[in-house]
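Peer 1: Just so you know, the protein sequences line up as chains A and B, in that order.
If you read the first sequence in the numbering used here, its first letter stands for residue 4, the second for the next number, and so on.
If you read the second sequence in the numbering used here, its first letter stands for residue 299, the second for the next number, and so on.
FYI, nobody ran anything at the bench for these hints, they're computed from the structure.
Be a bit skeptical, because a hint or two may be false.
[Claimed, not checked] Lysine-lysine pairs mimicking DSS-like chemistry, simulated, CA-CA at most 25 Å apart: (1) A:K7 to A:K77; (2) B:K322 to A:K115; (3) A:K8 to A:K45; (4) A:K45 to A:K7; (5) B:K322 to B:K376; (6) A:K115 to A:K45; (7) B:K303 to A:K45; (8) A:K115 to A:K7; (9) B:K376 to A:K45; (10) A:K5 to A:K45; (11) B:K368 to B:K322; (12) B:K303 to B:K322; (13) B:K325 to B:K414; (14) B:K368 to A:K115; (15) A:K77 to B:K303.
Keep in mind the model is a prediction, meaning the values are calculated, not measured.
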Amino acid sequence: MKLKKVVELLDANILNDCYSQDTEVLSACGCDLMSDVLAFVKDQALLLTGLVNPQVVRTAEMMDMKAIVFVRGKTPGEEIIELANEAGIAVLSTEHPLYHSCGVLYSEGLYK
Amino acid sequence: MNSFKVQYTIDGEDFSVAGEASRKLKKVLQSLGVDPQIIRKATVAMYEGEINMVIHADGGVIDAEITPEKIHLFLRDKGPGIPDIALAMTEGFSTASDNVRELGFGAGMGLPNMEKYTDYMNIITEIGVGTTIEMIVNTSLS
């Protein structure tokens with residue numbers, strides 16, 4: 004699924020310059036526990052989380068994830084955006100809660 | 299590629315910078331042209347270890363040696379030690395504080411993940427003295 008479609012489906016805001024509408028995500032992980040994310044082995048993944056701290060970006064970077072969606076209207080601070088910029092990870096935010104966001108993406112074809 | 303050694307000092311005071319050493323190792327491995335999947339295994343294992351050092355042991359030192367055959371990691375801390383390694387290796391078991399859990403860690407997946415992503419892991423621990431964890435990730439895809 005293209006990131007452009009993720010943005011449309013989640014009514015998401017784009018929070019940094021690493022976003023490219025043609026970036027392809029092949030899988031997604033919805034989770035607030037970063038150790039569970041680190042146990043998740045998928046390529047070109049999207050992380051959806053309600054957790055907002057620098058470890059979210061570091062976790063996504065270690066897992067070579069393409070983008071992070073902060074759910075429930077959470078807005079990361081400058082430090083987090085800067086870390087994501089350094090890592091080349093797109094940062095999005097949506098007002099939708101985690102369960103809803105995952106459900107929408109799953110129903111639209113992001114099954115893995 | 300000849301042997302390449304690097305050492306990182308882990309600050310135990312500030313959880314917000316935990317993971318910086320793992321990010322730096324990732325960049326080193328990328329610059330050495332290591333396969334991305336191997337890099338992911340090694341850096342995730344080190345990241346979990348680094349987080350543990352900050353959460354449980356007030357920091358420590360990580361030595362990494364990269365050879366054409368393997369990535370060799372030594373994580374040394376002067377923390378409280380691990381009373382029961384088998385229990386600590388159980389998925390879901392954790393002694394982390396609620397504060398750490400609120401930050402997204404302390405789910406009891408750290409040591410299991412470290413073992414999962416490495417080809418060899420050995421833990422040497424002594425109560426009240428500290429813990430040394432040795433991990434090897436083979437870089438040869440064969």
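Peer 1: Which constraints among the numbered hints does this structure fail? Numbers only, ascending.
Peer 2: When the structure is compared with the hints, numbers 2, 7, 9, 14, 15 turn out to be violated.
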